[in-house]
Amino acid sequence: MSSIDATEEPEVGAEATDDSANVMIQFDGVVKQFGDNVVLRELDFSVSPGEFVTLIGPSGSGKTTILRLLMTLEKVNGGTIQVDGEYLSHMYRGDKLVPADEKHLTKVRKRIGMVFQQFNLFPNMNVLQNITEAPIRVLGLPKSDAEERAKDLLDMVGLGEKVTAHPTQLSGGQQQRVAIARALAMRPDVLLLDEVTSALDPELVAGVLNVLKEIASTTDITFLCVTHEMGFAKDVSDRVLMFDQGQIIEDASPDKLFTEPEHERTREFLHAVIDRA
Amino acid sequence: MWSWELFWDSFSALLPGLWITFAATVCGALLAYVLGLVFALIRQVRVPVLSQITFGLVEFIRSTPLLVQIFFFYWVVQPWMGVQWSAFWSGTIALGLHYACYTSEVYRAGIDAVPKGQWEASTALSLPRRRTWTGVILPQAIPRVLPALGNYTISMFKETPLLLAIGVIDIVGAAKDFGADHYSVEEAYTMAGIFFLVLSFPSSILVRRLERRFVKH
Ligand SMILES: Nc1ncnc2c1ncn2[C@@H]1O[C@H](COP(=O)(O)OP(=O)(O)O)[C@@H](O)[C@H]1O
Ligand SMILES: [Mg+2]
Chain A
1 MSSIDATEEP EVGAEATDDS ANVMIQFDGV VKQFGDNVVL RELDFSVSPG EFVTLIGPSG
61 SGKTTILRLL MTLEKVNGGT IQVDGEYLSH MYRGDKLVPA DEKHLTKVRK RIGMVFQQFN
121 LFPNMNVLQN ITEAPIRVLG LPKSDAEERA KDLLDMVGLG EKVTAHPTQL SGGQQQRVAI
181 ARALAMRPDV LLLDEVTSAL DPELVAGVLN VLKEIASTTD ITFLCVTHEM GFAKDVSDRV
241 LMFDQGQIIE DASPDKLFTE PEHERTREFL HAVIDRA
Chain B
1 MWSWELFWDS FSALLPGLWI TFAATVCGAL LAYVLGLVFA LIRQVRVPVL SQITFGLVEF
61 IRSTPLLVQI FFFYWVVQPW MGVQWSAFWS GTIALGLHYA CYTSEVYRAG IDAVPKGQWE
121 ASTALSLPRR RTWTGVILPQ AIPRVLPALG NYTISMFKET PLLLAIGVID IVGAAKDFGA
181 DHYSVEEAYT MAGIFFLVLS FPSSILVRRL ERRFVKH
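Sequence lines, in order, name chains A and B.
Going by UniProt numbering, the letters in the first sequence line up with residues 1 to 277, in that order.
Going by UniProt numbering, the letters in the second sequence line up with residues 1 to 217, in that order.
Cβ pair distances, simulated, as ranges:
id, chain 1, residue 1, chain 2, residue 2, range
1, B, W19, A, K107, 53 to 59 Å
2, A, Q169, B, P115, 15 to 21 Å
3, B, S51, A, I248, 40 to 46 Å
4, A, G94, B, P115, 37 to 43 Å
5, A, V273, B, A113, 32 to 38 Å
With a Cα cut of at most 27 Å, we get these calculated BS3-like pairs of lysine-lysine:
id, chain 1, residue 1, chain 2, residue 2
6, B, K116, A, K162
7, B, K116, A, K103
8, B, K116, A, K107
In short, the hints are calculated from the structure, not lab data.
Every residue gets a Cβ at the ideal spot worked out from N, C-alpha and C, and that includes glycine.
Model the full structure from these sequences, guided by the hints.
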């Protein structure tokens, strides 16, 4: 248990960045705990560039925590995370690896976007401003370019006429599609999706999922997606990871995992989810 | 003996005092709005040292009477600082500082009421901290606090007569002088009361309107 000591130095050395060309996301021995509650216990996994990876598993198994660590909304207690060969959780000071400071985080998190279960649109801005805010303020795009980019994205998510609408005037499904456009406007390399349809009325789910399918098939963005929509996961995923208690218990292609899962736990979980739907 | 003539005469005699009351309220309130926000931000961002000082100041001010603070600022703080402002400015600053401690709590509650998801979305978009405050958090927090700020402004208006203690001639001061000059106090004090009533009452209706407009969403 000594390895989940928050103060311990990561053990990874020079070999950590070796085959970075084929790895977009790399977790090495990641430990995350909240107080005494150890949520992730030395988690290792990697995602290739352009891959669509879906995380499934029971509530409380640590799926959201993984996404939040990647989005730098949480800090690791042990181990390291790399994105495209660059440390996210850590940085080099000289040739020593130390926990990342705010400046380093600011730099690396620009490559990552996230869409939340609760949309989290800015209610003090209209749809267009929600989407152009970060490209203007963070990427330094001229306003007209940012607006053009935003309008293209709104067309893509089917909300071309909602440019000046206010988030409160939109349905949940429309709000979520704006949130997707907002994340895409930053041209992220990695897009994190945390149960993006769970807060929606059932009839609005398909619209959002179709938009995501379209994006997944037309861009080379790397996706890490948490969802209970098994049909969707089966359609778009390159790989599915089954989580339980902060551990990956099964890592397989969707065809394999959904039709002939190896683990009893996976089978039980899939039954429970499918029965509920 | 009540005199209607004195009563009507007192109206114009109180007008200069009304102007002073009005000026002290407006200047004190502006100070309270700005300083309250500064205090709230210092504490929210946990600026080292400054946030401890602010905490101490807020606790001190909230646990002593305004009257004592007005005296203290005029007779003790000013000489310490080596300045000699007029009684009006000294009293108005004391009033603004006092209310800044209350408005800072109001701002803090308003800031806390902005959902955590707004911070997280800002981080996910890599917005700089400063822009998150100015573009996302404060524009949502401030409309929510306007009614409370309005209520404090009305309270300040009603507390300006305390400045009389250091010689500022506000409405009540003017009424007192009028009474002394005419050997009859009841007319002018009644008029002063009417002034406060006539001005406070519509203001509280206005604040209630603000409340209905901003607080629900
Ligand atoms: N901010 C937090 N503080 C304390 N515990 C947390 C926090 N966030 C998550 N947890 C705990 O971490 C565990 C995993 O949560 P989460 O990653 O949200 O799981 P999932 O998304 O798979 O449902 C849960 O036991 C949860 O209670
Ligand atoms: Mg979750």
